[in-house]
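Q: Residues per chain, in single letters:
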Amino acid sequence: MALGNIFNFFVPKDKKFFPLFEQAGSNLIEMAKVLNESVNTTDSQLRKTLAKKIEDLEHRGDDITHQIHLELGKNFITPFDREDIHSLASSLDDVADYIHGASNRMDLYKVENPTQAMKELAELLIEATEHVAKAVYELKDIKNVRNITDSCVRINSVENKADYIFEKAVAELFEFEKDAIILIKHKEILSSMETATDKCEDVSNVLESILVKNA
Amino acid sequence: MALGNIFNFFVPKDKKFFPLFEQAGSNLIEMAKVLNESVNTTDSQLRKTLAKKIEDLEHRGDDITHQIHLELGKNFITPFDREDIHSLASSLDDVADYIHGASNRMDLYKVENPTQAMKELAELLIEATEHVAKAVYELKDIKNVRNITDSCVRINSVENKADYIFEKAVAELFEFEKDAIILIKHKEILSSMETATDKCEDVSNVLESILVKNA
Amino acid sequence: MALGNIFNFFVPKDKKFFPLFEQAGSNLIEMAKVLNESVNTTDSQLRKTLAKKIEDLEHRGDDITHQIHLELGKNFITPFDREDIHSLASSLDDVADYIHGASNRMDLYKVENPTQAMKELAELLIEATEHVAKAVYELKDIKNVRNITDSCVRINSVENKADYIFEKAVAELFEFEKDAIILIKHKEILSSMETATDKCEDVSNVLESILVKNA
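Chains as they are written, first to last, in the numbering used here: chain A, 1 to 215; chain B, 216 to 430; chain C, 431 to 645.
Derived by calculation from the structure, the hints in this document are not laboratory data. Since the structure is predicted, the reported quantities are computational estimates derived from the model, not experimental observations. Each hint should be verified, as a subset may be incorrect.
[To be verified] Calculated pairs, SDA-like style, for lysine to any residue (alpha carbon to alpha carbon, straight line, at most 25 angstroms):
#1 349/B - 495/C
#2 483/C - 378/B
#3 446/C - 622/C
#4 15/A - 215/A
#5 119/A - 171/A
#6 178/A - 324/B
#7 540/C - 610/C
#8 591/C - 67/A
#9 598/C - 36/A
#10 598/C - 44/A
#11 564/C - 622/C
#12 53/A - 594/C
#13 564/C - 486/C
[Claimed, not checked] Covered stretches of chain C, as calculated for chain A (at least 3 residues, CB under 8 angstroms):
#14 591-600
#15 633-645
[Said to hold, decoys possible] Reference excerpt, derived from the structure (chain A facing chain B, CB under 7 angstroms, subset only):
#16 172
#17 174
#18 180
#19 182
#20 205
#21 209
Heads up, the beta-carbon is just placed ideally off N, CA and C, and yes, glycines get one too.
Based on the provided sequences and hints, a complete structural model is requested.
A: Laid out in structure tokens, this is it:
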């Protein structure tokens, strides 16, 4: 049998890890917002600039992940289990990778007119990353468990919506798009965006796992 | 070095978690059986009804997962590590998601004549979910370790077969299907079915991990 | 709060697990080398022979994984946490699966002329598996933490390169390949190769997680 570890919840005064996780969360919101700007323009020159901006933000995210690793190497005491800090950092990094991937594909595949479904998914990504950032922000105080759980529920609900929009959009491509190559191209871009919300759900899973472990 | 934890195996009298895991297992078998019915009819009206039934079962699965989370919140003592209960519940939920996804795609993409490979994969999914349900059922008694391991081996073997059928079916699509859009459509549906068996293998991995941790 | 476990690092004299992990690492390098040979020939008969060789090596990998599981069943004392040994073995197995998948698809889809991108990805896979093997080899001595971390950084950098080559190759397919079916076929093969490097990154994540847990 296993006992819940009552001594094991968050060091309230941690000044190393929580600020870094907060930065990672804000960075994701910013990436999602730039992606949203990008799917709402038909100016391909502007879209190139925005793609560059997302790439820079992705590198900033990599730096934050790297700093979390460095802190893990330097600190003997951590606010929760070391391997969970590592998992949380990796899962936040994955979200950044897929937002970057979606933006990169739009650029590389020379998409001129982002579709309605791309716009809807980009908006959902803002929502999802906002809940992710909020959950991660609340992680520093045990009294916020309810709030974190609420954010996780919301992330999962956004992911469900994104999945629905993705599947419907692909079905419409099959019904109306006669050019197979354009069909695949659009499907791939929609897929990176949908996977980015999946990765937000993975963050939510890591958070839930941290909560149940320390409940 | 790490010592295997001899004190840490299953509370035999747990009345909270095991019944819920058993329900989740049975629910998966039922989903796979309805999917199998669906690929074996050419009546598209019936297929719509069956898709609705699978959706309802998926919601029932979500409820079970939710109850497991509620029990984790209420119970200080758990039959095995809290985070492993969470992982097991999530992995069972993933299987349901992909069975639902396959059924949903068949409906959305208006597949009229499920192919031989779809029928074979649906049958393998029944087999895989039956082994999953069996393994989860046996989890409540330490004396069943051998049986659980056996089920895991069988799940992996079913997954190998499913992978082989999937790859062969896709190769045949490349060889004989001249309409690229139909090709992609079929490939996507086959892919959700094959991924559903992958997710059964993930359940098997979680179970093996629980076993080695508590061996 | 959680304390890093100073007592918990590697049993230096383990004679069971480390030799098996080393074999798994070497096996991956060999698989990557045969795949590289395969993308560099236009002799389809030779490619069939090499595909068979990769399949045999994949079975050898399965045997090694199986032996690691058997050792876990027999040994009460393990050089690091039992569940981490399980995760590491699984993640190495996944790399083998995707190398085998790439080779299998080239054979099944009757690719006659492997493209430049396939050749570049095959070379990166040799690099990635060499770093994986090196990291796993160094795992037996705590003094090698720096070296393991270095290898992990290199694996991640190879994965980034592979991702870049993959995305660029797919973009070029969209631009120049007018036959949608050939496009999908090539994209699928490139995708298995790129996913094999992703799986090397997963090994690196497992290794990092083991290091932070035992730091």
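Q: Each hint should be assessed against the structure and marked as holding or not.
A: Do the hints match the structure? See the list:
1. For the hint linking residue 349/B to residue 495/C, the alpha-carbon distance of about 24 angstroms falls within 25 angstroms, and the restraint holds.
2. In summary, the hint linking residue 483/C to residue 378/B is supported, as the alpha carbons are separated by about 19 angstroms, within the 25 angstroms threshold.
3. A hinted pair counts as satisfied when its Cα atoms are at most 25 angstroms apart, and residue 446/C with residue 622/C does not qualify at roughly 32 angstroms.
4. Between residue 15/A and residue 215/A the CA atoms are separated by roughly 22 angstroms; this keeps the pair inside 25 angstroms, and the hint holds.
5. For the hint linking residue 119/A to residue 171/A, the alpha-carbon distance of about 17 angstroms falls within 25 angstroms, and the restraint holds.
6. Restraint check: the Cα-Cα separation between residue 178/A and residue 324/B comes to about 14 angstroms, which is no more than 25 angstroms; the hinted pair holds.
7. Taking the CA atoms of residue 540/C and residue 610/C, the gap is about 16 angstroms. The hint holds against a cut of 25 angstroms.
8. Between the alpha carbons of residue 591/C and residue 67/A the distance comes to roughly 22 angstroms, so the proposed pair stays at or under 25 angstroms and holds.
9. Taking the CA atoms of residue 598/C and residue 36/A, the gap is about 23 angstroms. The hint holds against a cut of 25 angstroms.
10. The straight-line distance between the Cα atoms of residue 598/C and residue 44/A is roughly 19 angstroms, inside the 25 angstroms bound, and the hint therefore holds.
11. Restraint check for residue 564/C and residue 622/C: the C-alpha separation of about 23 angstroms stays at or below 25 angstroms, so the hint holds.
12. Pair hint residue 53/A plus residue 594/C holds up; C-alpha atoms about 17 angstroms apart against a cutoff of 25 angstroms.
13. Among the hinted pairs, residue 564/C with residue 486/C is consistent with the structure: their alpha-carbon atoms are about 23 angstroms apart, no more than 25 angstroms.
14. Only when three residues or more bring their CB closer than 8 angstroms to a CB of chain A does the claim for the region 591-600 of chain C stand; here the count is 3, and the claim holds.
15. A count of 6 residues in the region 633-645 of chain C with a Cβ less than 8 angstroms from any Cβ of chain A is obtained; the coverage claim is therefore met, three being the minimum.
16. Proximity of residue 172/A to chain B is violated relative to the hint, the smallest CB-CB distance being about 9 angstroms (cut-off 7 angstroms).
17. With 7 angstroms as the threshold, the beta carbon of residue 174/A comes within range of chain B, its nearest partner Cβ sitting at about 5 angstroms, so the hint holds.
18. The criterion of a C-beta within 7 angstroms of any C-beta in chain B is met by residue 180/A, whose closest approach is roughly 4 angstroms, and the hint holds.
19. Hint on residue 182/A is violated. Least Cβ distance to chain B is approximately 11 angstroms, over the 7 angstroms limit.
20. A least Cβ separation of about 6 angstroms between residue 205/A and chain B falls short of the 7 angstroms threshold, and the interface hint therefore holds.
21. At about 5 angstroms, the closest approach between the beta carbon of residue 209/A and any beta carbon in chain B falls short of 7 angstroms, and the interface hint on this residue holds.
When the structure is compared with the earlier hints, violations turn up for hints 3, 16, 19 and for no others.
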